[in-house]
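Undergrad: Sequences listed follow chains A and B, in order.
Under this note's numbering, the residue at position 83 of the first sequence is numbered 130, and the numbers go up by one with no gaps.
Under this note's numbering, the residue at position 316 of the second sequence is numbered 636, and the numbers go up by one with no gaps.
Far from chain A, by Cβ distances over 12 Å, these chain B residues were calculated:
no., residue
1, Thr392
2, Arg499
3, Pro502
4, Glu531
5, Cys555
6, Ile564
7, Asp589
8, Ala592
9, Lys612
10, Arg636
11, Tyr645
12, Arg656
13, Lys687
So the derived list for chain A, only partly shown, Cβ under 8 Å to chain B, looks like this:
no., residue
14, Ile144
15, Ala164
16, Arg176
17, Asp184
No lab work stands behind these hints, which were simulated from the structure alone.
Just so it is clear, CB atoms sit at the ideal spot from N, CA and C, and this is done for glycine as well.
The residues making up each chain are set out below.
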Amino acid sequence: MATSRKVTLLSSDGESFEVEQSVAVESITIKDSIEEGSAGNPIPVPKVNSKILAKVIEYCKKHVESAKAEDRVDDEDLVAWDADFVKVDQATLFDLIRAANFLNIKSLLDLTCQTVADMIKGKTPEEKRKTFTIRNDFTPEEEEEVRRENQWAFE
Amino acid sequence: MEGETLPADQDVPRDDNKPRECECNAEDGSLVSMDWFPDDLLEQILACLPFADLVRAGVVCTRWRRIINSETFRKKLLHGVSHRPWFVLHGFLGQPACAYDPVHNVWCELKLPRFEFSLYSSILGFASSTGLICVYGKSEGGIGQLCVCNPLTRICRHIAPAPSVESQLFATLAISVSRTTPSYRVSLVTSKIPPGIQVGYELSIHLYDSETRMWKTCMTEYMRIWRCCNESAICDGVLYFLIISPSTASRENRYGLVMYDLSGRCSNDLLASFVPVPRPHGYGRLMNMKEKLVLVMDIDRYNGVGIWVLNGREWREIARSPDDYFPGLGSNAWLRSCGLNDLIYIWSGDGHDHPSPYIATFDMNQKQWSRNNLATVPSQDYKGFCFEPQLDIVP
Chain A
48 MATSRKVTLL
58 SSDGESFEVE
68 QSVAVESITI
78 KDSIEEGSAG
88 NPIPVPKVNS
98 KILAKVIEYC
108 KKHVESAKAE
118 DRVDDEDLVA
128 WDADFVKVDQ
138 ATLFDLIRAA
148 NFLNIKSLLD
158 LTCQTVADMI
168 KGKTPEEKRK
178 TFTIRNDFTP
188 EEEEEVRREN
198 QWAFE
Chain B
321 MEGETLPADQ
331 DVPRDDNKPR
341 ECECNAEDGS
351 LVSMDWFPDD
361 LLEQILACLP
371 FADLVRAGVV
381 CTRWRRIINS
391 ETFRKKLLHG
401 VSHRPWFVLH
411 GFLGQPACAY
421 DPVHNVWCEL
431 KLPRFEFSLY
441 SSILGFASST
451 GLICVYGKSE
461 GGIGQLCVCN
471 PLTRICRHIA
481 PAPSVESQLF
491 ATLAISVSRT
501 TPSYRVSLVT
511 SKIPPGIQVG
521 YELSIHLYDS
531 ETRMWKTCMT
541 EYMRIWRCCN
551 ESAICDGVLY
561 FLIISPSTAS
571 RENRYGLVMY
581 DLSGRCSNDL
591 LASFVPVPRP
601 HGYGRLMNMK
611 EKLVLVMDID
621 RYNGVGIWVL
631 NGREWREIAR
641 SPDDYFPGLG
651 SNAWLRSCGL
661 NDLIYIWSGD
671 GHDHPSPYIA
681 TFDMNQKQWS
691 RNNLATVPSQ
701 DYKGFCFEPQ
711 LDIVP
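Just chain B, with the same shape it has in the complex (with noise of 0.2 Å):
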């Protein structure tokens, strides 16, 4: 039986047909060739696997799902993963996202509940965090919808009734989970131009808090040349937004960071808390790195990007890119960026599809830039987002 019953690997002919030391013969005679690996070797292989992969392993046998559900696999697995968190790209609704796995170098398929967004007409704001990603969009009718899942799970739940959504209407979204408790906090701060008021706009902060699943809207000001654009983000209780003064034709001071406490301790005056973006004409991108504020721009004009992070009321600069990686571009250049925990992405183009050929990277632990050119963004229609992917984490 040995010679016949080892079902050949094409590119792997066996060489000698004898049996083998310790190997173990199964019940009806067949050779098994892995199942006398010790668990930790088994471990270790599995452990190599990107993460679509183990998924589809536990299914094989019960001693493999045994070891991939163990408790010490997880944490070995994941270990890596935090520090250096996955790409994921969005294109368009009801195609799947794409994530980059920097640990494995290898892009997967992360389907996102596609039933579910497609309730979606439009999306208006993506944010994620550890383990859950979250989307608010609009269905038909303009009713605002609210989705939280974890993609590696594909739980899913639906928020609602979440903030309605109507025409000239900016929105930017934030997510925190909590480490410490199984519950996680989204923000969606709104500006829009409320009816019959000709200038200026109304700022809507709004706060869904998974311990109560109840909505709440902390504040709702008017403001007559501020209001809110994409970028958001919740750092150690604080929401952090960037707000946009569109009228204002010098390019000094149309930018600027405001900040919010979420615990309502603190007086919340928004404009007082002011603070202007290191460099006055750029458009920055926020990002929780560990729970510091980190603000990712461009310096005059595409000749490097620079990094900040907020100390306070003032911004540090931490890092600059190296002279090729941002070379100056036209007039249609566009700069992306995201991060998570120790790993900032940035992105650019030329034009609208015309995207850099690679991915930079800084690793904030490090202290290093890279480029990846596995890791290319189609052009600027794509969302780029950091996940941090988790299997315990239920939204």
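Looking at chain A on its own, in the form it has when it is part of the complex (with noise of 0.2 Å):
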């Protein structure tokens, strides 16, 4: 039951991209607009530039696919393309995360959530912290306090 309807996205920064729609629908927010019939054609994609849009194309499309396929060794094979599909700088991963958000695809903000506590894992505070660029904001006392309460874990 392939349908070879077409449908245009349009970028935050007014490229268009022209998709199936089975593709497109990975999307569930831009399968509810289609529903609805409120999109018009080309459906603008706030929020999310073309860089970006490509990439989460690209991702929905690689998955359409290989749904498709009735052979189950592609698993394996999709895991892998899925691993190095995440192998971007941590700017380009956030913005997959905020667009699967948006455009509430569920396996690809899975994915990539998996993806950002993986370079979480096994790295001190400091680490962390230096890492994700986020500021310290605990007093000495309050930190002194939550390191008390998770002794278990720092000795």
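Join the two chains, each given in its own frame, into one complex according to the hints.
TA: Spelled out as structure tokens, the structure:
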């Protein structure tokens, strides 16, 4: 039942992407606006620029294609493809998270969040702050209190 | 400032130095990349972390701490855990325990309060349930020590006086944590050879209630041929434990199950409650699976493992392991098992230091077997038990 209907997505910086409808509706947000008929054509995608939208479309295309394939071996290939897909710089990764959240693409959101979680794993708090440029806004007393609460993790 | 302030994680160089849409600048002009994530996104990321990392994450900044401590986050986080509890391996005194988290498929170290446990020269019993681990041991001089702790928060309570440990004591420990009130009960069944008696054992059941903070000896009975062994569990207010008749030469009826109603309402004639185990020659493992008593035992000398649930006074077989999981092993074969809520872990070995290279699991809910070779047990000296991590339960 593959539909070859195409839709056009318009990124926040004005670039158009023509994609198959079956790929576009991987995004629940886009699916909803198509079904409601409120979208018009092209469908505007605010908050997502062309670079990120291109990546998101690439992801959706791959996953739609893999779902069609009947050979279950593809699962491992897909996992490997996903792992490669998220090998991007931190800023792009965060943009992908925002886009996946806004466009409501659960699998992409899970993948990107897990990737960030993997970057957090195993790092000391100071290393975490460095990696994500987070300011330590505890007062010295608060920090001492939190350390004491979590004593077991720091021994 | 933009180009240089973002500290480069070696593997992810920035590919452009332009200010990015929607990034907030901190007062000193440096780029702050994660602060503009809304709370729910940050929650989703943090929820992917294994427990050990999660606790460390609470120290990073006030916002992360607030999220990690929030009620909704904890509920979300621990939701999966209760169905698939951790498998904890404890080796010898003084070494940290390792916990396998099946949800994240990782091992992490679980540092049981070592200082407290250093009082113990030997450990006689381990028990665990929702949130709490309980240890019964002997200190120098034979003083019984009992400790209940929440290993995640490291809050530990010594329960004294514990029933004393004598030589030739057999003991089994069980703990039951109430889901409705902040209370728990610890049962200790002991069998010892009373002084001056040549044959038989004195069996006692001791119960500790965290609400009254007192020990009670519920019963003491002389038994000519039976004593307790290592298996007990509390389900729905009833204490179940296996008894063995060590001098029985025949394999028939060497082991059996008895039960004791902890509320004391029914008359508790232990041997009247006797239920033979389903396979007469084998030694089983008892566990509380959602307040049902479950027994795991081998079928025909390690040609497979069976799982039974107790219905009243009868065993109902609910599963058998696939043929290739536990092939027949030699005469030194051993089998161990533990379980909690929905998941049962089973591991075996042939001989002292030849454990099987994987741990098998059975999901009671989905009726599904699987093998996991990320989780292995180094030898049969390691005690394995199931543990459901909970942050809110206090011993």
